[in-house]
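J.: Using the sequences and the hints, build the whole thing.
Those protein sequence lines, which keep their order, are chains G and V. Take the first sequence: its position 33, counted from the start at 1, is 33 in the numbering used here, and no numbers get skipped. Take the second sequence: its position 87, counted from the start at 1, is 1087 in the numbering used here, and no numbers get skipped.
No wet-lab data here; the hints were simulated from the structure. None of these values were measured; they are calculated from a predicted model. Built from N, CA and C at the ideal position, the CB exists for glycine as well. A portion of the hints provided could be inaccurate.
As the list claims (entries may be wrong) - Computed spacing ranges between beta-carbons, pair by pair:
hint, chain 1, residue 1, chain 2, residue 2, range
1, V, C1032, G, K4, 50 to 60 Å
2, G, N22, V, T1098, 34 to 44 Å
3, V, H1014, G, K15, 21 to 31 Å
4, V, N1140, G, K15, 41 to 51 Å
5, V, N1094, G, N22, 23 to 33 Å
6, G, K15, V, N1144, 48 to 58 Å
7, G, K4, V, R1046, 34 to 44 Å
8, V, D1020, G, E28, 34 to 44 Å
9, V, K1053, G, P8, 46 to 56 Å
10, G, F27, V, E1076, 19 to 29 Å
11, G, E28, V, R1027, 38 to 48 Å
12, G, E28, V, L1146, 29 to 39 Å
13, V, I1135, G, N22, 41 to 51 Å
Said to hold, decoys possible - Incomplete in silico selection of chain V near chain G, CB under 7 Å:
hint, residue
14, M1001
15, F1058
16, V1062
17, K1065
18, L1068
19, K1072
20, I1074
21, L1110
22, L1113
23, S1116
24, L1117
25, H1120
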Amino acid sequence: MINKNIIPAIDKSIKILEDKFNLKNPFENTPKSVQSHS
Amino acid sequence: MYIFYIPHRPERPHIVYKDDIPVFYKRTNTGCELMSYNEIKIEFQRYEERREKIKLLFIELVSAKNTLEDVKQIHEETPIKAYSPITLELNTLNSLLTDLYTIIGRETELIQLLLSLRLHITIFNNTTMMFLNRISHQINYNTNELHG
Chain G
1 MINKNIIPAI DKSIKILEDK FNLKNPFENT PKSVQSHS
Chain V
1001 MYIFYIPHRP ERPHIVYKDD IPVFYKRTNT GCELMSYNEI KIEFQRYEER REKIKLLFIE
1061 LVSAKNTLED VKQIHEETPI KAYSPITLEL NTLNSLLTDL YTIIGRETEL IQLLLSLRLH
1121 ITIFNNTTMM FLNRISHQIN YNTNELHG
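T.: See below:
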């Protein structure tokens, strides 16, 4: 079961990293079916 | 007598212009001194290394989000209470949190989010492991019933 706070927490962390360290999501324009999973 | 503590900036080395000539300074016990070529080179290499680790943390987070969204979608499409056989990788996040603390330590919100995330991922992984153990016990039990 996934805690409802987990995905928003990841989203916020990603946003902070994008804003503060000028990073871009490398998967943004990649079709979801070929994105990698850990 | 005054005592000052000037912390290292994670974005070092810093360039300044002296008579239109770019130079790098370092702070020492006696004030500021010009850095040597090798010192500048080492600081740039360290900066690049820290930057690469931040990129790795970013990719880890994006990847974890994609995995969780897939799992969430499967849960939503399944009418009964469903468990996922997937666990999320935590070692990289743990190691990056330690390595990057000097850079991201000033971002209090980010640190809080990452620590909370680590806790939630641990709970998610433990729930999955409990589910997998239960299946394994059930399979063993059924096999013993068949042959016993």
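J.: Compare the structure with each hint and give your call.
T.: Do the hints match the structure? See the list:
1. C1032(V) to K4(G): 50 to 60 Å: For K4(G) against C1032(V), whose Cβ atoms are near 52 Å apart, the range 50 to 60 Å holds.
2. N22(G) to T1098(V): 34 to 44 Å: 23 Å, violated
3. H1014(V) to K15(G): 21 to 31 Å: 27 Å, holds
4. N1140(V) to K15(G): 41 to 51 Å: Cβ of N1140(V) to Cβ of K15(G): about 46 Å, so the range 41 to 51 Å holds.
5. N1094(V) to N22(G): 23 to 33 Å: 25 Å, holds
6. K15(G) to N1144(V): 48 to 58 Å: Check passed, 52 Å falls within 48 to 58 Å.
7. K4(G) to R1046(V): 34 to 44 Å: 39 Å, holds
8. D1020(V) to E28(G): 34 to 44 Å: Holds: the Cβ-Cβ distance is about 41 Å, inside 34 to 44 Å.
9. K1053(V) to P8(G): 46 to 56 Å: 24 Å, violated
10. F27(G) to E1076(V): 19 to 29 Å: Because 22 Å falls inside the window, the suggested range holds.
11. E28(G) to R1027(V): 38 to 48 Å: 40 Å, holds
12. E28(G) to L1146(V): 29 to 39 Å: 51 Å, violated
13. I1135(V) to N22(G): 41 to 51 Å: 45 Å, holds
14. M1001: Hint violated; M1001(V) Cβ to chain G Cβ min 37 Å, cut 7 Å.
15. F1058: Interface hint status for F1058(V): holds (5 Å vs cutoff 7 Å).
16. V1062: V1062(V) check passes; min Cβ-Cβ to chain G is 6 Å, inside 7 Å.
17. K1065: Holds, about 4 Å.
18. L1068: 6 Å, holds
19. K1072: 5 Å, holds
20. I1074: 10 Å, violated
21. L1110: Holds, because the Cβ-Cβ distance from L1110(V) to chain G comes to roughly 5 Å (cut-off 7 Å).
22. L1113: 5 Å, holds
23. S1116: 6 Å, holds
24. L1117: 5 Å, holds
25. H1120: 4 Å, holds
In the structure shown, a violation is registered for the earlier hints numbered 2, 9, 12, 14, 20, in ascending order.
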